[in-house]
Structures are given as structure tokens and as C-alpha cells.
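Student: Turn these sequences into a full structure, and let the hints guide you.
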Amino acid sequence: MSGMTSWQHLLDDAEMAMALYAEDGALIWVNPALARLSGFPREHLQGRLDGFLYVLEPGGLITGFPEYLPRMAPTSGTATMRCLGGGSLDVSFTAGRTQTPDGIRYLVTVADISDERCLPCRIRDSRERFRQAVDEQPEMLCRCLADTTITFVNQGFASLFDRTPPEMLGLRLRDLTPVDERAALDGHLALFTRFSPMHDLRATLVRPSGRRVHLLWRRRAVFSPDGAVEAFSATARDITTQACLEEQALRTHQLLRDSEERFRLVFDQTPVGMALVDTAGRFVQVNGALTTILDMRADDLLGRLVLDLFPGDRREEDMAWLRACLVPCPEPLPPREHALLTGTGERAWVQTTCSPLGMTGAEPGLFIFHIEDIGRRRAEEEALKQAKDQAVAASQAKSLFLQTMSHELRTPLNAIIGFSEVISGALLGDLGARYREYGADIVSSAHHLLDIINDILDIARIETGTVSVTPELINADALVQESVALLRDRAEAKNLALVVPPSDCGGCLVVADRRALKQILINLLSNAVKFTPAGGTITVRTEWTGGEMRLRVQDTGIGVDPEDQERIFEPFVQAEREKSRHHEGTGLGLPLCRSLAALHGGTLTLNSHPGEGSTFTLTLPDRPL
33 MSGMTSWQHL LDDAEMAMAL YAEDGALIWV NPALARLSGF PREHLQGRLD
83 GFLYVLEPGG LITGFPEYLP RMAPTSGTAT MRCLGGGSLD VSFTAGRTQT
133 PDGIRYLVTV ADISDERCLP CRIRDSRERF RQAVDEQPEM LCRCLADTTI
183 TFVNQGFASL FDRTPPEMLG LRLRDLTPVD ERAALDGHLA LFTRFSPMHD
233 LRATLVRPSG RRVHLLWRRR AVFSPDGAVE AFSATARDIT TQACLEEQAL
283 RTHQLLRDSE ERFRLVFDQT PVGMALVDTA GRFVQVNGAL TTILDMRADD
333 LLGRLVLDLF PGDRREEDMA WLRACLVPCP EPLPPREHAL LTGTGERAWV
383 QTTCSPLGMT GAEPGLFIFH IEDIGRRRAE EEALKQAKDQ AVAASQAKSL
433 FLQTMSHELR TPLNAIIGFS EVISGALLGD LGARYREYGA DIVSSAHHLL
483 DIINDILDIA RIETGTVSVT PELINADALV QESVALLRDR AEAKNLALVV
533 PPSDCGGCLV VADRRALKQI LINLLSNAVK FTPAGGTITV RTEWTGGEMR
583 LRVQDTGIGV DPEDQERIFE PFVQAEREKS RHHEGTGLGL PLCRSLAALH
633 GGTLTLNSHP GEGSTFTLTL PDRPL
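According to the working numbering, the sequence shown is numbered sequentially starting from 33.
Treat the hints with care, since some could be wrong.
Claimed, not checked - DSS-like mimics (lysine-lysine), calculated; alpha carbons at most 27 Å apart, straight line:
no., residue 1, residue 2
1, K562, K526
2, K526, K550
3, K562, K550
What the hints assert, rightly or not - Here are the simulated distance ranges between beta carbons:
no., residue 1, residue 2, range
4, N507, G578, 17 to 27 Å
5, P210, T324, 22 to 32 Å
6, R336, L389, 10 to 20 Å
Bear in mind the hints are in silico, worked out from the structure with no lab data behind them.
All figures in this text were calculated on a predicted structure; none of them were measured in a lab.
For glycine and all other residues, C-beta sits at the position ideal for the given N, C-alpha and C.
Tutor: Here it is as C-alpha cells:
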């Protein structure tokens with residue numbers, strides 16, 4: 033190696049890349065030119081035995097340079113050199129064998145031939161890179177002849193029509209334009225001049241699917257020597273989304289205008305007074321109905337404080353309410369009835385509701401007040417109240433009269449009953465059969481009249497609140513049996529079956545007034561016997577359901593029409609049915625029964641079907657004694 037030192041000094045400054053190999057293929061030395069060409073440091077290359085240069089031999093075999101050197105056939109050629117970073121270069125080489133004091137050495141010179149060898153590839157790569165750059169443009173590019181025949185498009189433009197760029201060549205841009213826009217395209221092309229070679233416009237193309245695509249075009253004309261338009265190039269950007277948003281904005285704007293117009297129409301023509309009020313409590317807009325209510329012109333109200341229209345006697349209350357109206361709240365305030373001062377100084381009674389109308393940021397900009405004239409309604413309510421008070425007074429007077437008269441009637445009636453019983457019983461001597469019959473009729477009629485008077489007296493007491501109940505623990509089943517026993521003879525006389533099934537509560541103990549409960553039962557049973565034709569059935573049941581005792585009296589009688597099923601619980605009212613008119617009665621029994629049930633905290637209801645029968649249900653709550 034010491035013998036090669038002079039060589040190194042001579043060849044280090046050579047511009048040609050050189051390397052020195054030992055006989056065993058080891059790379060002994062490289063000059064700086066070769067190091068620069070490969071990119072490897074000299075220290076990295078010197079002493080290596082692995083492949084650094086590769087030779088493509090006949091037959092397609094790739095051989096490392098250390099393996100190739102011993103054969104040296106040929107002594108020049110082309111090879112591939114590995115470079116730093118994993119790349120490679122195509123190089124030409126010449127190799128010479130020489131004898132040195134250190135042994136046989138091979139001096140190799142290397143030259144880069146990549147540029148010469150790959151020029152067609154570079155041209156092809158350049159074209160591909162250009163096409164790739166054009167296709168990757170966000171805008172669509174095309175070039176057309178004057179008749180709009182397409183001579184060039186990028187992939188973006190071709191993709192718009194689901195085609196490749198070659199498939200677009202020869203098509204006419206005019207044919208891809210909607211029919212209703214072709215005249216505009218022709219007119220736009222006519223605008224090109226040498227002084228105005230470039231124009232922008234918005235136009236539409238039709239995709240194969242039929243969907244229109246909105247494009248923003250920039251077109252530049254190419255002129256022939258005589259000044260005619262020879263061709264034009266164009267760039268286009270898809271603005272379909274923007275155009276749709278603009279159309280939607282226009283529609284929204286139009287809808288808003290229509291909504292405002294409808295609001296204005298409703299606002300002005302509604303018969304209810306309406307006003308728009310700002311956050312300061314001033315009138316911003318009023319309708320005709322409000323000016324009529326207040327007997328003022330609109331100009332007299334606009335800009336005026338709402339508070340100015342409130343009478344002074346309730347000013348503090350009115351101010352508090354108005355402040356609450358002008359503060360945003362999740363739930364609107366309930367309607368308020370109050371007075372407003374009219375233009376003549378009189379008071380107009382109105383009902384006002386308020387709610388936010390528009391939003392400015394987080395605060396409502398305006399509030400809408402609905403102001404309804406309730407003067408007539410208040411007058412009618414006052415008249416109705418007076419009439420009700422008069423009716424209540426009349427009812428109380430009636431009840432008092434009935435109560436008084438009942439007492440007054442019972443005294444002579446008891447005398448009539450007593451003397452008629454003496455007559456019918458022949459206590460003062462024997463009478464003829466007809467007199468005894470008359471006496472019995474007098475007794476019967478007197479007792480009937482006494483029952484009526486007692487019912488009237490009971491109702492009068494209930495209405496005046498002077499009646500009271502004495503609750504006690506009662507065996508409802510036993511009370512039912514007692515009541516049924518009293519009516520059994522009358523039922524059998526009409527050939528009616530009076531049925532009392534066993535109850536499901538084994539005694540059914542209930543807290544109630546015995547006399548009142550028995551009176552209800554007898555009344556219901558008497559009605560059932562009275563309105564059930566011969567051969568019918570009357571069933572009495574007691575049961576406990578959900579903490580309540582229910583007593584049902586069911587018959588197969590004539591029934592009650594639906595429209596009469598509530599009326600029959602009113603005093604002196606009987607169902608207006610042709611069949612019921614043949615039965616005596618005052619219409620006091622059922623109202624009395626319902627009133628007695630209410631005194632116990634219970635109810636009396638009816639379920640009936642004409643021609644099928646009726647079921648009266650008495651419900652009493654379970655309560656402590």
C-alpha cells in the first residue's frame with residue numbers, strides 16, 4: 033500500500049471518478065470524485081468487500097464488481113452504482129489490470145451516464161408529472177376551439193361527466209350546456225376581443241345523471257392572426273353548493289318576507305287589539321283594533337309608554353306586572369285583566385297577554401301584547417253574578433219556605449191521619465163498608481202526602497245545611513236484608529223476583545248513618561219495583577272494591593234514556609218517557625238519595641239502557657268510626 037501513495041496523490045485531484053481494487057476484490061482506494069458521485073464518504077468505501085458496482089452480464093445475470101474483476105470480460109461496459117440513501121446511478125466503466133509491489137491491482141474509472149441513458153424516461157416522467165399536476169388541480173381545466181369542440185381537459189373536468197380525459201376530446205361544450213343557457217353561452221363567446229380576451233361568468237352544465245352543476249368560469253380567448261377567436265382556454269370551479277346555499281338563502285329571504293307580510297296582515301286585521309312594545313315599554317306598532325278599544329289614533333300611541341295608560345289607583349301593581357312582562361322568562365305570564373285609560377279618560381277593561389316576539393342576541397328585541405276588550409264580558413259576568421246571587425237567595429227562600437210549610441202541613445196532616453184511622457177502624461161505632469173504605473183511602477193518601485212532605489223537609493234541610501248524619505258501624509248485608517223484607521210483598525204482588533246474592537265480603541261492615549243508608553236503599557228498591565214490569569228481576573249486591581263499599585240495585589225495568597240519566601237526580605224531575613208517566617212520584621227520591629250519599633262522602637250513579645233495565649250504584653268510602 034505504501035507503493036500506491038504516489039498514485040493517490042496524483043489521482044486525488046482528478047475530475048474522473050476512480051477506484052482501486054485488490055486481486056481479492058477488496059476496494060482499496062477511491063478518489064474524492066468517486067466519493068462525491070456515490071455520496072458515500074471515502075472511509076466508508078475503502079476496504080469494503082461487498083458489492084458497490086453491479087454489472088448486467090449477458091443472459092440477464094447481475095454480478096457484483098468484485099466477482100466480475102477476475103474475469104475482466106469485457107474490460108469496459110456499463111454498471112449500476114449504489115449511492116448513499118438507497119439510490120443508484122447508471123455508470124460506464126473501464127478497468128485495467130496492473131502489477132504493483134503489493135500485488136495485482138485493478139484501476140477502475142467510472143462516469144455517470146444517467147442523463148444520456150434516461151432522457152426519454154425523463155421526458156415521459158415530465159409529461160406524467162405535468163398531467164398529474166394538471167389533474168390534481170382543484171379547478172377544472174379545458175381548452176376548446178371556437179365552436180366549443182373540446183381539445184383538452186383535466187381529470188377534474190372529465191370526472192364531472194363520469195368520463196376519462198380522452199373520452200371528452202371531440203365533444204362540444206355547447207352540447208353539455210342546458211338548452212335554456214346555450215344562447216347565453218353563444219353571447220358570451222361573442223364578447224371576446226383582443227382588447228378584452230378574458231371574461232368571468234357563472235354557467236351550468238348537465239351531468240349524465242341529469243343533475244345540473246353550477247360552475248364559475250374564467251375564459252381566455254386565443255386569436256388567429258386576422259383577429260378571429262381561434263380557441264379559448266377555461267378554468268372552472270364547482271360552486272353548486274354555494275349556488276344551492278344562495279338559492280336557499282333567497283328562498284328563506286322570500287319566506288321571511290312572506291312571513292312578515294302575513295304577520296303584518298294578521299296584525300292589522302285581527303279583531304283583537306295588538307301592540308309591539310320595546311324593552312323600554314314604549315309602543316312601537318299598534319293595530320286598528322287597539323286604537324278602537326282605546327279611542328285613540330295610532331300616532332297618539334306610537335312612542336308612548338304603556339304605563340301612561342294605567343289608572344293611578346293600582347299603579348304599583350301595574351308597574352310590577354309590566355316589568356315582569358318585559359323580562360325574558362321560559363314560560364309566558366298568565367293573562368291579566370285590568371283597566372286602561374281611553375282617549376276620553378274613561379276606563380276600558382281589557383285582558384292582556386304578553387310574549388317575546390324577536391331575538392336580538394340573547395335578549396328579546398320586541399314584545400307582542402294581545403289586548404282583548406272584555407268590557408261586555410265583564411258586564412255579562414256581573415249580570416250573571418247578580419242573577420246567580422238572586423237565584424241562590426230565591427233557592428234559600430224556597431228551602432226555608434218548604435221547611436216552614438212542611439212543619440205547618442205535618443200538624444194538620446197528622447190530625448187527618450189520626451181521625452181517618454179512627455174512622456177506618458170503626459173505633460167510635462160500626463160504619464158502612466163504603467165509609468170504612470173511604471177512611472182507608474184517606475189514611476193511605478195522608479201517609480203518601482206525609483212521605484212527600486218528609487222528603488221535601490229532608491231536601492230543604494240538606495240544601496240549608498241543617499241536616500247531619502250520625503255515623504255508626506253497620507252491617508250492610510243485614511241492612512239490605514231488612515230493606516228487601518219491607519219491599520218483598522210489593523215485589524211479589526207484581527210477580528217480581530227480588531234476589532240478594534251472597535256478598536264477597538262476609539258482612540260488609542261500613543261506617544254510615546243507619547237511617548240515611550236505609551232510606552237510600554228503600555228508595556232505590558221502591559223505584560225498581562215501580563218501574564220493572566211483571567215477571568222481571570231485581571238484584572241487590574254488596575261488594576268491597578279498592579277500599580270502597582259498593583251497593584248495586586239492578587232491575588230489568590223500562591230503563592232511562594241517556595239524555596235523562598242526569599236530569600232524574602234533580603228535584604221534581606222525572607224521566608220524560610211515555611211509560612214512566614203511568615207511575616206516581618214527585619221526583620224527590622233520587623235527588624234525596626244522591627244528597628244523602630254526598631253527605632257520607634260517597635256517590636250515587638246510574639247506568640241504564642232503555643228497554644233493558646237500570647243499575648244504581650251507591651259507593652261509600654271506607655272511613656274510621
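Student: Hint by hint, say whether it matches the structure.
Tutor: Hint-by-hint comparison with the structure:
no.	hint	verdict
1	K562 to K526	9 Å, holds
2	K526 to K550	23 Å, holds
3	K562 to K550	18 Å, holds
4	N507 to G578: 17 to 27 Å	21 Å, holds
5	P210 to T324: 22 to 32 Å	56 Å, violated
6	R336 to L389: 10 to 20 Å	19 Å, holds
Comparing the model with each numbered hint stated earlier shows that hint 5 is the single one that does not hold.
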